[in-house]
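Keeping their order, the protein sequence lines are chains A and L. The UniProt record's numbering puts the first sequence at residues 1 to 413. The UniProt record's numbering puts the second sequence at residues 1 to 413.
The hints are simulated quantities; they were obtained by calculation from the structure and are not laboratory data. For every residue, glycine included, the Cβ atom is placed at its ideal position computed from N, Cα and C. Please note that the accuracy of each hint is not assured.
What the hints assert, rightly or not - Covered stretches of chain L (chain A as the covering partner; in silico rule of three or more C-beta atoms under 8 Å from a C-beta of chain A): (1) 168-174; (2) 233-239.
Stated by the list, open to error - Using C-beta positions, here's what the derived DEER-type ranges look like: (3) A:GLU35 - L:THR54: 49 to 57 Å; (4) L:ALA296 - A:THR25: 38 to 46 Å; (5) L:HIS160 - A:GLY316: 29 to 37 Å.
Number of protein chains: 2
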Amino acid sequence: MGVSHEEAFLDDWSALSAFGAVAGTTGVDRQAATEPDGEQRRWLDALLTSEGFTVHRDAIGNQFALCELVPGAPYVLTGSHLDSQPTAGRFDGAYGVLASAHAAIRTACSLRETGEATRNIAVVNWFNEEGSRFKPSMMGSSVFTGKLSLEDALATVDRHGVTVREALEGIGERGDAVAPEVASYLEIHVEQGRAMAENGITIGLVEATWGAHKFEIRVTGEQAHSGSALMRDRRDALLAASRLVVAARDLVERFPEGMLHTAVGELHVYPNSPVVVASEARLLLDLRSESAEVLAAATAALMAEMERIAAKDRVGIEIVAEHAWDRNPYGEAGLALARSVASEMGLPHARVLTIAGHDSTNMKDIAPTVMLFVPSVDGVSHNVNEYTTDADLLAGVEATTEVLRRLVCGALS
Amino acid sequence: MGVSHEEAFLDDWSALSAFGAVAGTTGVDRQAATEPDGEQRRWLDALLTSEGFTVHRDAIGNQFALCELVPGAPYVLTGSHLDSQPTAGRFDGAYGVLASAHAAIRTACSLRETGEATRNIAVVNWFNEEGSRFKPSMMGSSVFTGKLSLEDALATVDRHGVTVREALEGIGERGDAVAPEVASYLEIHVEQGRAMAENGITIGLVEATWGAHKFEIRVTGEQAHSGSALMRDRRDALLAASRLVVAARDLVERFPEGMLHTAVGELHVYPNSPVVVASEARLLLDLRSESAEVLAAATAALMAEMERIAAKDRVGIEIVAEHAWDRNPYGEAGLALARSVASEMGLPHARVLTIAGHDSTNMKDIAPTVMLFVPSVDGVSHNVNEYTTDADLLAGVEATTEVLRRLVCGALS
Chain A
1 MGVSHEEAFL
11 DDWSALSAFG
21 AVAGTTGVDR
31 QAATEPDGEQ
41 RRWLDALLTS
51 EGFTVHRDAI
61 GNQFALCELV
71 PGAPYVLTGS
81 HLDSQPTAGR
91 FDGAYGVLAS
101 AHAAIRTACS
111 LRETGEATRN
121 IAVVNWFNEE
131 GSRFKPSMMG
141 SSVFTGKLSL
151 EDALATVDRH
161 GVTVREALEG
171 IGERGDAVAP
181 EVASYLEIHV
191 EQGRAMAENG
201 ITIGLVEATW
211 GAHKFEIRVT
221 GEQAHSGSAL
231 MRDRRDALLA
241 ASRLVVAARD
251 LVERFPEGML
261 HTAVGELHVY
271 PNSPVVVASE
281 ARLLLDLRSE
291 SAEVLAAATA
301 ALMAEMERIA
311 AKDRVGIEIV
321 AEHAWDRNPY
331 GEAGLALARS
341 VASEMGLPHA
351 RVLTIAGHDS
361 TNMKDIAPTV
371 MLFVPSVDGV
381 SHNVNEYTTD
391 ADLLAGVEAT
401 TEVLRRLVCG
411 ALS
Chain L
1 MGVSHEEAFL
11 DDWSALSAFG
21 AVAGTTGVDR
31 QAATEPDGEQ
41 RRWLDALLTS
51 EGFTVHRDAI
61 GNQFALCELV
71 PGAPYVLTGS
81 HLDSQPTAGR
91 FDGAYGVLAS
101 AHAAIRTACS
111 LRETGEATRN
121 IAVVNWFNEE
131 GSRFKPSMMG
141 SSVFTGKLSL
151 EDALATVDRH
161 GVTVREALEG
171 IGERGDAVAP
181 EVASYLEIHV
191 EQGRAMAENG
201 ITIGLVEATW
211 GAHKFEIRVT
221 GEQAHSGSAL
231 MRDRRDALLA
241 ASRLVVAARD
251 LVERFPEGML
261 HTAVGELHVY
271 PNSPVVVASE
281 ARLLLDLRSE
291 SAEVLAAATA
301 ALMAEMERIA
311 AKDRVGIEIV
321 AEHAWDRNPY
331 GEAGLALARS
341 VASEMGLPHA
351 RVLTIAGHDS
361 TNMKDIAPTV
371 MLFVPSVDGV
381 SHNVNEYTTD
391 ADLLAGVEAT
401 TEVLRRLVCG
411 ALS
């Protein structure tokens, strides 16, 4: 008697969670193209190869495991990303890749001899979704969908000057495979919020991504002795950057609760020396809202704050780069398919929004797409304590398997 | 006909200023025990060796150039530090070392045959006064004066985990010389403020160092997804650290102008990733005042701000280390000696305070000490545009030479 689907998934989940494990926690640290990322990629390769899939990498390190059921037919892609933030949870994208792998193995087995399949199957592990080591995030799916040039992506450097090309070649994960022709795309992910867990929803049917306006900001002051320079003579870039961090948080209070999220996650200071007034600070400041009106009003208010702070601290504040998108809907046909699967399986479900971006945010622009969520306890995300129950993980695998089966049999064609 | 003292000094000054020159500026970047620091040290060694001095390094990399005029007598030490902040001015400590070297060469020549000398002469280049690469600052003179243990200093690491021991050995500047016995100490430095330049003072007679209270602070929050986590759930270490930076600046306004200087020069954020709420921030926050009462009141106010911010942002704020000193006077005998020299030379002079610490701050606690300043145009310091006129540089060399001559002939014994 073999192991059940459930046991097989949980065994593999335990094995996958060991790569890049952070000592003393249940979390992981496996940023894009680091050694732990290489290890988990080779493990995934072995898992799917042993099930008869053929594994390729493309030039930006996306990993595709192909199973041809219908010679010459296009592929249903299903997957997410294995890379993580530093000291992050083990679920995030990794759950979606493994759920897709198990769904693909089961679907391939069940359809290999029935003749129902009209599509082929490909499991995908997108390169560098997180964007912590190399910017921008969602790099692999952005190149795949033509939103980012391959050359620009490969030339991107990390903080130590290592390029994406060098890092991928360093772990042996840069390939030359031609991307499979895409019929449709399916992704499952943990929610990264706590609404589903609190409302008893097992399967989230993702209907849209929040709008966002992201700014890379450079503050330019002037180096000075931080002890002896007169206070009124200083042009302190760190002080002005700090006022921006506080201003971004204060913006939230101008709108109804939950309508605006703001953050500064990254701040670099130069020269960052104990007795030197900083001459430069660079920060990444994000505004996010489900409402285009709120996002526009918050952006305008931020611009006013930037002017006020620049004048007060006699520094330059410059937007080096910005990237904005509106509330971004998923296709209704995909939502209907997912709803009918969840409903027929008796899984509590609801339409949900995603605040975070996902690789499906790119993929839905080039192919019919289904995006599913499972709950996350307390919504803990990008944190070693991220947690989803086994029951919810397994329910998500079941839903993914059935949606995948229907897609391979021609749904959303 | 040989070159004049003035031409000789300015030629050497030009040569010294080339080490670690920052392209496109008149500044330098030669942090402690980096390659440019090694180069300038070898150059100083050659300069003084060619004049008959014997050059040694001690175990913490302090460089001593000895000239024995009176066998067995103790030494008058004169010097400062050659290391710089990142992208700093070329004057700072380097001027004091070169002024001392020229003063020592001239004094040795003039006294070698007269029999007036009762002391020997040593030029000193203290290791790592700046503290930018390795903390704490004034490392070499702190070890020399017994305020810091040699073992602790050698084990200190930079941001890349390189120890002081490794860095010094890497540039071949760790020695085993026994420190010379000290009779007295003389240092000259640029002011790092603009009061002297604005008031027409050529020679500053340093009477005291401002008091200071320096804090290394750790803010502890919790990693979260910086997009999707609810704002009210966040415990953002960068936000709280930013409030501390602003609070430190705001403290200044509670006291009469010029009575309190505050700064945060260094801030490190973890994980410092674009879509992660920071779980930790570390900052160096300094308060400085000439008044003990102001310093105490500012310290109390800062503690209250820390409590308020910790409660508001639900983070931990912990003082990891602190270091405080009161207004710290120089000896009156040294001041009187310096005043009589400046007066007899017809150089405009006045008693001044130093806000910044210097190696003489350490040395005055173990030996009679004279600390001189020359003016700095606009007080620009720790900045590539730092500037002192040739006339002031040369006046400082003259004053240093005459004070040194008197010390070697027994003044302050």
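Structure-based check of all given hints:
1. Counting residues of the segment 168-174 of chain L whose C-beta sits closer than 8 Å to any C-beta of chain A gives 0, which falls short of three, so the coverage hint is violated.
2. Judged by the Cβ-Cβ criterion of 8 Å, the segment 233-239 of chain L is covered by chain A as claimed, because 4 of its residues qualify and three suffice.
3. The beta-carbon spacing between A:GLU35 and L:THR54, approximately 51 Å, falls within the hinted interval of 49 to 57 Å.
4. At roughly 42 Å, the beta-carbon separation of L:ALA296 and A:THR25 lies within the given 38 to 46 Å, and the hint holds.
5. About 30 Å separates the C-beta atoms of L:HIS160 and A:GLY316, a value consistent with the hinted range of 29 to 37 Å.
Checked against the numbered hints given earlier, the structure breaks only hint 1 and satisfies all the rest.
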